[in-house]
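Novice: With chain A's structure known, arrange chains B, C and D on it following the hints.
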Amino acid sequence: MLFWQILIDGFAISSLYALGATGFTLIFGVTGVLNLSHGAIMVAAAVAAWAASGNFGAGAYVGAVFGVVVALLLALATYYLIVRRLQLSRAVREEEKEIFILTATLLWGIMIQEAIAYLFTNNAKTVLPIVDGVVTILGVRTPANEIFTAFVCWATIGALWLFVNRTLAGKAVLAASMNPRGVTLLGIELSTVYVGVWAIYGALAGVAGVLLGMFLGVSSYSAGPLTASAFSIVVLGGLGSVSGSLIAAYVVGYLETLTAYLISPAYRAIPALLLLVAVMYVRPRGLLGRR
Amino acid sequence: MSAPAAKLEVSGLQKRFGGLTAVRDVSFSVHAGEILGLIGPNGSGKSTVMKSILGVERPDAGSVRVDAREVAGWPPHRIAQLGVGMVFQHSRPLHRQTVLENILLGLLPDRLLDLLPRAAANARARAIAERVGLTGVLNRRPATLPFADLRKIEIAKAIARDPQVVLIDEPFAGLTARETASFAKLITEMRDDGRAVLIVDHNVKSMSALVDRVYAMNVGEKIAEGTVAEVMANETVRKVYLGGALTTAARPEAAFADAQTPFLEIENLSVVYDKAQALEGVSLHVHEGEFVAVVGLNGAGKTTLFNAVSGLVPYAGDIRRQGKPLRGRTAAMIAREGIVQSPEGRELFGLMTVGENLDMGGHGLGDKERGERREWLFNLFPILKERQRQTAATLSGGEQQMLTIARALMMKPDLLILDEPTLGLAPVVMEQISKALERLRQTTEITVLLGEQNVTFALPHADRVYVLEHGRIVWEGDPSRFAAEAGAMYL
Amino acid sequence: MLRRALVSPPVLISLIVVLLAATLPLYVSGYVLGLLTIAYYFGVFSMAWDLLFGFANEVNFGPSFLIGLGAYTAGILDNLYQPPIALCIAAGVLASMIGGLVLALPALRVRGPYFGLTTLVAVLMLQNFVVVAASLTGGEIGLTIPDVISIDDKVNYWIALGFMAVSGAILYGLTRSPVGLILQASGQDPVQAGALGFNVTKHKLAAFLVSAFFSGLAGALMAFYLGTASVGTFIDVTVGVQVIIGAVLGGRRTILGAVLGAVFLVALGETLRPLGDLATFIVSAVALIVVLFFPAGLLGMVKGAREAT
Amino acid sequence: MAPYENAAARSAALRGSLGAASVALMFAIAPSAWADDPAPIKIGVIAEAQAVAGSSIPQAAQIAADEINAKGGVDGRKIEIVSYDNHSSSAESVRAFQRAVNEDHVNAVIGSYISEVVLALEPWASRLKTVFITPGAASDVITQNIAKDYEHNKYTFHGYLTSGALAGLVCDAAKDMLVDGLKMKTAVIMSEDAAWTGPLDAGYEACLPKIGLKVLDHIRFSPDTTDFTPIFNKIEASKPDVIITGVSHVGTQPTVQWKSQQVPIPMFGIASQATNSTFWKDTNGATDGVIYQGVSGPGVAVTPKTLPFVDAFSKKYGNMPSYAGYTAYDDVYIIADAIKRAGSADSGKLVDAMEKTDYVGTIGRVQFLPKGDPHVHGLKTGEGLITGLMLQWQNGKQVNMWPATLANGKLEFPSFVKIASGK
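Chains as they are written, first to last, in our numbering: chain A, 46 to 336; chain B, 2 to 492; chain C, 204 to 512; chain D, 833 to 1255.
Be a bit skeptical, because a hint or two may be false.
Claimed, not checked - With a cut-off of at most 27 Å between alpha-carbon atoms, the simulated BS3-like pairs for lysine-lysine come out as follows: (1) B:K386 x A:K216; (2) B:K52 x C:K405; (3) C:K357 x D:K961.
What the hints assert, rightly or not - Taking CB as the label site, the calculated pair distances span: (4) C:V489 x B:H91: 32 to 40 Å; (5) C:L304 x B:V475: 53 to 61 Å; (6) C:I492 x B:G195: 56 to 64 Å; (7) D:G1180 x A:A323: 57 to 65 Å; (8) C:V394 x A:A204: 42 to 50 Å; (9) B:L352 x C:V394: 28 to 36 Å; (10) B:L352 x C:L304: 38 to 46 Å.
Source of the hints: derived by calculation from the structure; they are not laboratory data.
Note that the Cβ used here is the ideal one computed from N, Cα and C, for glycine as well.
The following block holds chain A by itself, in its conformation from the complex (with noise of 0.2 Å):
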């Protein structure tokens, strides 16, 4: 009983931590930023989703369709408005633009997170689940939402899957990643792929953000967290490896999992964090990682 409780809840989260980081190492593998305004970004999808849903009584479907959106947009802007900028920019020396992008888009974060406060208070917000209910499976009574959740990351993830191994565009992001100066020599335009990894990024934050938001709910202060944890997840399975990234995902699902069990939910992130250090030390470049 404990073990298939463990087995199933475990997936379902597991499945929303490999989202959240799948579009976040994405961008860093094709377009080699950090993202720290992610958290934020999720955030932002979330509340718009409860706003479209709850405050305008939108519906749940429309509601998430316009988080992702908004997500998507600010996506782009963040592209636009900071990274793009700063990647161009003559006045800051090449080996600074990282911890540049990164001060920025933190800062971004942190506006965003605030604008939110602003606007809708800080309080915990739960979006309008599409799915309700609950359904026992192997005697485990399991809301339907957290199968639905489980059920649309993966579809999320199987997309960019098929979007990346078997469309032409898609193989051009994937070459961008291993070698963008390859590409520009095929005649291919970076700047395009980059604006169209960046899309794909917000699609894939707001659907995560606003799944998120019906599964557990979110609030202002979960930006910070939830960029930490994708953070740690990305380089736990290695730093541009999706595939290294679902595996962590999985392994620091479980891992909060079966604390929180076995041990005590006080204790929840402990473990992960202990594992991650020791990988750290033990093989930097992470489970998988390529770089």
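Specialist: For chains B, C and D alone, coordinates are given in the frame of chain A:
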């Protein structure tokens, strides 16, 4: 030169990187008051030797002795403290400090509690600056100095530590003729101070006036040792640098239709990488259907030239395609419009299969056309057909090179730029690629601009040849006349 | 070199500024003093961070790890046994320096974002520890520190100002001294530095220790000023972020600029307080604009203009 | 003499309660007031403007001040509220407190519903010798500190129930409603790991068995927990009749997941967020059936003053006050009353006057525990003083269930909750 023990003695040096052996059984020694030149084309392993001496790389076998002390495997700073100084090719001074402070850095002891600089050090620094000719700019910041002065700072730093052994990496790269002379002077002065000097560079010519002895390497091994004259006369050396007897198949320039406005015209092209002059007043042209080879040693500026054409680096001067200037078009546009580069670094998509790499090349074509194109390339490079499903990273060097060329050809280029296609390839593989080019040249109307340091490979295909040296065109003409007229300056 | 540095404009100007600042208590309210007191401590945090980033070239996302160690060690000691305050502070500094070593180890192995993350993780670990070991650290409540150095705003203000001035002088002097040169060289190009005979590892370790020393000391002093230590004040990632932003804002690689940035942040945040939540929004917006359009930072702008000539 | 009649009318209306009458009379006999306009009494309010519980504090205080000023103030001195947003941070609160005292020269401070913040401010109240009262924090440590060193810490007052007291009130209600009413026998305690829950849990552990509820398990979770599935599963595994809650900072998650996971066990106890009128919307109605302790509720006339205050509040701000709103409103009156009696705003005198407070406010009759009590300066609770309420969310409304005298509805549970009566 019968000095007692050598200041620097390398013997049986061996260094492996994964599978390939970068350096095999290299032995030489440098005595006080002697300059040894270590030469070799790209990939000959000379820089690995240098790194092993500095302690940056830890040799797998063999010994490195400084003043008869075994230092192999020591950390760099201890080797340095023992009296090994290094003049790096790329100067990276402290940008926020003055020239004086940069030189002072070289005089500082490696102590944590050394908070107050001693006046003596200051005087010493000024003296050194005087000697290398930086007195005028002592209180300026590096950012405001010309390239030559930056290099001088490097030399000053090295001298400051009063090393017994000095390693100098490509001392003349990016310098004008006049600057080259003054540098040569500085280096001879080091010798006269009784230091042991090791100069590392691509060819003998650049240092012929300077060195007492030369040690020539190729693919990780010694190929010759002796005086400049001896080495230049040495058969193996000549073969490596000039190739053996050549059969050329040049077509006369007049034979090409577009005699007045050639397909590609480059006029008075200059490129400067943060202060280093990479290209200076280069002019050349390629006719439609012509096969032009630009030969020059690594570092001569070939890649820079091609990158300028491909729109990857900013430049002064004009590059025209069929009379229309290319300036202002993005690199991708230029490629789409038919000037396609098969780059030196290959730039393959390592984790993608051969097939996928080709498809990326043909992304502009319709599915059907892409398929046909692929088939055509498969019978040009049959090996690629077998490897279709394999990822590019798992291919051998030769196969990767073929894939690079094939991928470029997928774009149906009007002009194909081949940058160092033979880099680090075994002779047999070169042969295969050479054959493929031959077939390409016979079966199609393709226009090719080839950059090579391997003359043996380049000349047979070429209609015309340019020799590039230190960013300048120093010779142009028919391949058959090359050895006779350009050989000397090339060695 | 040092002689030149001692009479250089930045030093003279800061000297005058400090002297003026010392007279503030004569004409500004206690509240403004309290505000500046905090700002000065943050100034030291930022300077210590800038030593690592700007000179050793190590991007430390966990300044609050060092700060927190200092503050909490000192606070807990006082809370348990009430020994002389000086002793508590010394203990805090020691703990923080040990923490500095712990941070340095990965720094010497991993680079770039990886090192950044290890430091970040260090912060999260400490945070979790504080929450879990609530009986010792006061956990979520925050730690009540029975003793304070003084309750007189003026005294507190002067202590903070003096401390900041001294730290600034030391750190600035350090970066201008020969070891500072070596440290910069090591940070900029380890291979070259090694080839010049400098033990890069040694110098970077030293830098971490110095940075930890000042972070810890400032943390401990601030704890004894506030009379309380809570995760939100000393350890939380956002604290570290504020420290970093302060340094970047003021102009990285300038040490003195860091103070400028930190004071600017705290002051701006305070003057905007009436706007409630919007305050933080505006502060980060301003910071972002500086980062985007004046990457050299406040002080950097001035210096940059001078260096370019 | 308009004020006189007016006041007389009021005093008549409020004759029932001594304290209140006395307050009213005080306003009546204030002839000196209008001569000149003396310096106002300044009350600093430090609160969490963005959190619902906190945002009511300055608003309610303002209403109280307006009312008092409308009556001519205290001895003609108007009451002025100076409010500060502390972003729920101790450090910012400390700064705000310093500003309030040193810069704005307030006579007393009302501050924060977060125990952590209050505990950070308490030493400053002592250092700056300024009367400080919290309308919402619950940690017993606050009053324990005063007991430990009365002379030094006497400036702090605890204007809300301590966790210990809350536990007691919950138990009283549980006895009537669960044990006697629903014949329940077993319970699991679920509380967040925070300052205020320590004594609360201790209280639960002590009193639940006494009233006949066996405590099967006790789960403390970190306030930043997001996924409660494991927790609820763990609880279900031990099959209790009821979950006794102690949650405040953690937000909507436990409630939302209680619903989405359809945990068949009712939740009963402290759930601060549930007291907010917006809680139904924040949880998309997941809170339906949740039973929580409160000091007041919509339409529940705990005292004659409760409803007028609620009306005034919702008229002015368009929403319901949070629990800390009621107490903040009362605290202003209490301070005004004390200053009046002390005849000066001198901190020392003010403390003595505050200790003698006997005032019927919106949540009951307010008296502070005397010096010597382990919870000195805490509120006295029990019959005739403050009993608190037990309310339940029922399709969008907060309905009061307990005490019976004030009840305005019957217990109703969502379908998925199985009441294990008489097991």
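Novice: Next, verify each hint and record whether it holds.
Specialist: Here is how each hint holds up against the structure:
1. Pair hint B:K386 plus A:K216 holds up; C-alpha atoms about 20 Å apart against a cutoff of 27 Å.
2. For the hint pairing B:K52 with C:K405, the CA-to-CA distance comes to about 22 Å; that is within 27 Å, so the pair holds.
3. Among the hinted pairs, C:K357 with D:K961 is consistent with the structure: their alpha-carbon atoms are about 17 Å apart, no more than 27 Å.
4. For C:V489 and B:H91, the hinted distance range of 32 to 40 Å is satisfied, since their beta carbons lie about 38 Å from each other.
5. Checked against the hint of 53 to 61 Å, the pair C:L304 and B:V475 passes, with Cβ atoms roughly 57 Å apart.
6. Against the hinted window of 56 to 64 Å, the Cβ-Cβ separation of C:I492 and B:G195 comes to about 59 Å, which satisfies the hint.
7. About 58 Å separates the C-beta atoms of D:G1180 and A:A323, a value consistent with the hinted range of 57 to 65 Å.
8. Evaluation of the 42 to 50 Å hint for C:V394 and A:A204 yields a pass: the beta carbon distance comes to about 46 Å.
9. Range check, B:L352 to C:V394: Cβ separation about 30 Å, and the 28 to 36 Å hint holds.
10. For the pair B:L352 and C:L304, the supplied restraint of 38 to 46 Å holds, since their beta-carbon distance comes to about 39 Å.
Hint check: no violations occur; every hint is consistent with the structure.
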